[in-house]
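Chains A and B supply the protein sequences, listed in that same order. Heads up: the first sequence begins at 1 in this note's numbering, then just goes up one per residue. Heads up: the second sequence begins at 1 in this note's numbering, then just goes up one per residue.
These aren't lab readings, by the way, just hints derived from the structure by calculation. One or more of the hints may lead you astray.
Cut-off 35 angstroms, straight-line C-alpha distance, at most; resulting in silico cross-link-like pairs (DSBU-like, lysine-lysine) [as the list claims (entries may be wrong)]:
1. B:361 x A:303
2. B:422 x B:70
3. B:133 x B:453
4. A:104 x B:131
5. B:453 x A:104
6. B:394 x A:118
7. A:67 x B:394
8. B:169 x A:104
9. B:394 x A:104
10. B:169 x B:71
11. B:494 x A:111
12. B:422 x A:104
13. B:422 x A:111
14. B:453 x B:637
15. B:133 x A:111
16. B:139 x A:111
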Amino acid sequence: MTFRSTQSVYADLNGQHLGRFLPDRRQLLKSASAGFGYLAMSALLANKARSEEVKPSSPPGHLAPRKPHFPAKAKRVIFLFMQGAISQMDTWEYKPELQAQDGKSGPGGGKLMASRYKFAQHGETGTWVSELHPHLAKHVDKFCWLRGLHTDTPAHPQAVIQLHTGTAIASLTRPSMGSWLLYGLGTENQDLPGYITINPPPNFGGTVNYGSAFLPAHYQGTRINDAGYLPNLEAQAPIALQRRQLDLIQSMNKDLASRPQAPSAIEGVISSYELAFRMQSKVPELLDISKEPEHIQQAYGIKDGPAGSFARQCLMARRLSEAGVRFVEICHPGWDQHNNLHRGLTNNCQAVDQPAAALLADLESRGLLEDTLVLFGSEFGRLPSAQGPDGRDHNITGYPMWLAGAGVKPGFTFGATDEVGQFAVEGKMHTNDLHATLLALMGLDHESLTYEYGGREFRLTDVAGQVAREIFA
Amino acid sequence: MSFYTKCLTVLAVGMAASGEHLQAQVKTPATAEESRQVVSAQNSLNTRSVVDSGSLQDSQLPADFEFFEKKVRPILVANCYTCHSADNKAAGGLRVDDYQGLRNGGNRGSAVVPHQPEESLLVQAVRYTGKLKMPPEEKLPDEKIQILEDWIRRGAPWPRVEVSQEIGKGSSDYQELLASHWAWQPLKNVTPPVIQDSNWATDPIDQFVLARLNNHNLSPVGDADPASLLRRVAFDLTGLPPSDDQLRAFEANPSSENYAKIVDGYLASPAFGEKWGRHWLDVSRFGESTGSARNVPYPQAYKYRNYVIDAFNKDKPFDRFIAEQVAGDLIPYSSESERIENLVATGFLALGVKDVNQRFKVRFVMDNVDEAIDTVTRSVLGVTVSCARCHDHKFDPVSQREYYALAGIFTSTDILAGVRNKMGGGGLDYYDTSALLVISQTKAEPDPEQHQKVEKAQQAVAEAREEFERLRGTPEGQEKGPNGRPRQQIARQKWNRLQAELNLLTDPAHSGEVTLGARDSKQISDTELRLRGEAEQLGPVVPRGFLKLATWEGQPQIAAGQSGRAELAQWLTAPQNAITHRVIVNRVWHHLFGRGIVSTVDNFGLTGDTPSHPELLDYLAQDFIQNGSSLKKLIRKIVLTKTYRLSTENVAAYQEIDPANRWIWRHTPRRLTAEEIRDSILATAQSLETSRPEKSPAAELKVIEIRNNGPEARNLQVAAENSTLRSVYLPLVRGILPRALEVFDFAEQGMVTGARDQTTVATQSLYLLNDPFVRQHSVRLAQSLLDGEDHDDRSRIVHAYRQILGRDPSVTEVNTIIDYLSVYEKEANIYLTSHPGESSETVATTPLTTDANSKPDDSPAAPGNNPPGASNSALALANADEMEQSDLPVTMKKISIRDARTAAWGSLIQALYASAEFRYLK
């Protein structure tokens, strides 16, 4: 093999082509040590596919970890999004009065429908949970409940968008909450996207829900499906050959970087290639849950096919979170039980209960729950009254979510609905308040986290938002 | 933008929900001295009755309101709110928690006619006498029905809110701002400064620039070398690289005369419109679907795209261009083709993001009006007027009344995007064939039985719909029908099928030519100011008119009986309207220098940047007007200057003084746009098809919601991936952006985008390393190089460099590449020998196959329709909210390569495409 060493290639390229701009060796070493893995090329030439000497690149400014406004209680978030609206009356909201008033007129009209599921108290907190959640019931003492949530629009499309971007107004697409977090905090692991959403709804705004809108594209969410697929992530040539090709690209880029006409973004281009190359191996590795020990897989209930989708997502979420991904969202759809309430709800809870509980246990045993915030809930809730013989309609006037982990009081309840569960009456929190609170837990002041667009400072919470400090641990 | 609306609505919703009584949301004037007047505003949630004369309703007494609060509202709350209020789906589009909601009614029309209980649908429904019976569970007791009748007989009194007469008249500092802010002053007559001791400046533009440079102790760097200059101007004017022949010819004769000749050639080429038309498509937030909550296609949108491209190629005067887009349907034409152009141009007002799942028609209408106002004002005037939808503008002198003066123009306009609002709709529900602008109906003879056929089809649709509604959500609906699917699903499909058949009879898109666009409404009138921007909360009526940002004696006045769009167009484009002309010349400057004279190209307001060269900006605007608003002349003038022709060379000392290059001491390097990257890969690989496609792949889509991971989305992606057309012709359904565009900061399709981002992210690198598109065309070029006339590898390498990077490689570079190729080829051979039995499975992951006969997949451009077997996924859904969520299986396109040598060359070509040098213009 006669391929010359990197350094001589570099010097020659410059010497021949650029004459007076020949960099000296010190300068060369300096830029090499800046982490482009440049000198590592000679090692690679010895038929080494991936060099351990390739150091992680210095983080590009926009995604470098940034100090929060005030000390953060949580470093990262996992959002378990139950798209379609969970019937809280049959799962998490125990209302003796509703049970007593079955068939009677409700406060919002319609006929009340008692839950047909058995509720029991769990944990030291004695939290009531229905029989649909035997696994999650074991973790109730970790939960910090928000039971007075409300939102603006009782239609999934707008409500899903509002939950993710703070507003449901179509005329101006806003950045999603994960993008705001990334914009505010950067990301911990420069080898991975900082914001990943698995299996998000393909409708109801689709990309809007993880887009960066007018924030730069660095902050947009990366969508992967529940099989861990990400476009263009798979090297399309044998990896040793691709590394060789990449080294050629990088030598051309370095050459350009040394010229006086170099565009200012050139260093960013060079590091983006190294990141891309690392992502090719690291991301699939991270998303490959088959390497997890048997007992972990069993705990999550990993299986193939659609039935195992949520379990796989939960395990991927833990792995991504553990690796330092700032914001991970996973999704279980299909909670929209206008009819078939009982069969649908039973199925959904079965799919979600064990994996979500396993995720909490797993995070806890790894010490991750101390700085990871878990959020579980829907775009709105369902009514205590009946819809048809076996259904419940949407309720935007009072519904719960639970948080667990970093920064929140365990075994705590904030807010409440009325005695049958129709209207939020205490500790009411609008979606903007929820966002303000989440940002605060991450160390960000929702009023200061702004971005100027079209002549106005924008923020996730628009012109509203109250932080529910009551829930802070 | 109704930022405030929302939070206040929330407040109201929450409070009403909990049964609390809400205090009046509209502030009562603080002092008694303030004049007051009650206007026609009602507040559905305000239970504090205010009585006054002068309201729209007849004189009403406090007793009326007490009657309402004590007797009527409780009935509505207890029996109707569950289905007909802002907190829920407002079934049938009707809400009874709001006066306007009752007056305007839902899908069946007005629910309440004041003083006429017999005429009021509400009364008919509660009496259970007709087909419509409400509440459905059980008839109300007679005394309650009586109360409702009495209430309507009394004139349906509803509590109202006091509104200050001063509302929305603007802040006290507006006058001063109007008089002082640079952007809104008339254009100045400026003379280019005379520069002593310099023969650098050859043009007034250069004189302006040089004067500023001198002020800052800067000097222009040297001229760009011919190759860099040619590449720069070729991309800037056409979005394509120069051909190698052009490059050689220019290098041989880089004279100014020859340069000017080349510039003229670029300006005259169709590629110019494809490049510059795209700039305007960014500004006009072009997209081929509603986006937003339910993504429904606009199959006709491509016509507007073509119109824009043609307009730039024809060098349509900019004032005319704007006038056509705002009021093309109202302005005179001299030929049939001009008439069609004018109509298609109005698509500008219609093709924005729309929330078709909106429950309330009035909100749908006002949101679309807002979207149109926002687009027009930001694109043409560089000001965000939309802020004044809810309140007087906080920064710029635009009062809420001025907003509603403009809104009246657009509420008097039908904005036609072929869609209607319908909450919880599905299938073809959103398609509104009457909301299309008909260009022509080609059917030769009217069918005498047409009327009968339509009636019959309508009848069938109505029956199918009823059947579906009957089955929906019932145990019977869940039962399996003859084909094994639930009965409700079968019913839904039948309804869809019949609806499609009806559409065939009535849809003007089937029987002729239609487009998205605008026309004057049947009802022309001024509209009310909306309190806090809430569509239902009416304030005083505001006469239609324009903004005070530009006023002059004898400015256009809106004639009675017309929407006012024609006059708006005149006002926008009149030579006296300085801001319009400043904004457009600044946009052009931005595209040619990477930074506008005003860097905030879409915002010339108080929060925007101030001009770096204010005199130059006015000079350009004046000159532009004098030259008949010719964009080609303006562009030509600029690219011929010395300023434009500067090299990109960096000078450390200057860098220190002016790091952002605000004073233009050099040319700022710029990254190619997403389109330029893709198009030049195609062009250099000799794969680019330069003709214009007839339509867009999106033109074949049914007007039915599409999900972003279903068959339609996949087909659009495949069509884009296989296409060899220029990028401006790729399908642009919102949220389903072709990957080649998505990764390189394509314009956000929901917003006016005068300046795109230029991010550098890993997904771009992954795209260039792995995307089938890049690989396929790299291999293609490699093959043609290897099969071509070059005698040896050295000349092939030179060829590749010139083709892709527009320059000769150095000797060292050639040597490096020769070594690279030989090592790569050797290793590829070893790899292939050690993987002899590559099954097709592994081929997919490591697609280095030796198939001597196979050629790279160069399938022709997608014909722009759905491949066979593709069905519309949303069509069969009983409940549109239950859309399938999982992804379709991913199939990676396989690129087969005939041998290791081609693989090596392909990897070299790809490396050149992937290099930063390819991506950045000097």
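Hint check results:
1. B:361 x A:303: The given pair, whose Cα atoms are some 46 angstroms apart, is violated under the 35 angstroms limit.
2. B:422 x B:70: Roughly 33 angstroms separates the two Cα atoms, so the pair holds.
3. B:133 x B:453: Status holds; Cα separation ~30 angstroms.
4. A:104 x B:131: Answer holds: residue 104 of chain A to residue 131 of chain B is near 27 angstroms, not above 35 angstroms.
5. B:453 x A:104: This hinted pair is violated, its Cα atoms lying about 49 angstroms apart.
6. B:394 x A:118: violated (55 angstroms)
7. A:67 x B:394: holds (31 angstroms)
8. B:169 x A:104: Violated. Residue 169 of chain B to residue 104 of chain A sits at ~51 angstroms, over the 35 angstroms cutoff.
9. B:394 x A:104: Violated - the C-alpha atoms of residue 104 of chain A and residue 394 of chain B are around 50 angstroms apart, more than 35 angstroms.
10. B:169 x B:71: violated (38 angstroms)
11. B:494 x A:111: holds (33 angstroms)
12. B:422 x A:104: holds (31 angstroms)
13. B:422 x A:111: It holds: about 26 angstroms lies between the C-alpha atoms, which stays within 35 angstroms.
14. B:453 x B:637: violated (61 angstroms)
15. B:133 x A:111: Measuring from Cα to Cα gives roughly 18 angstroms; hence the hint holds.
16. B:139 x A:111: holds (15 angstroms)
Checked against the numbered hints above, the structure breaks hints 1, 5, 6, 8, 9, 10 and 14 and satisfies the rest.
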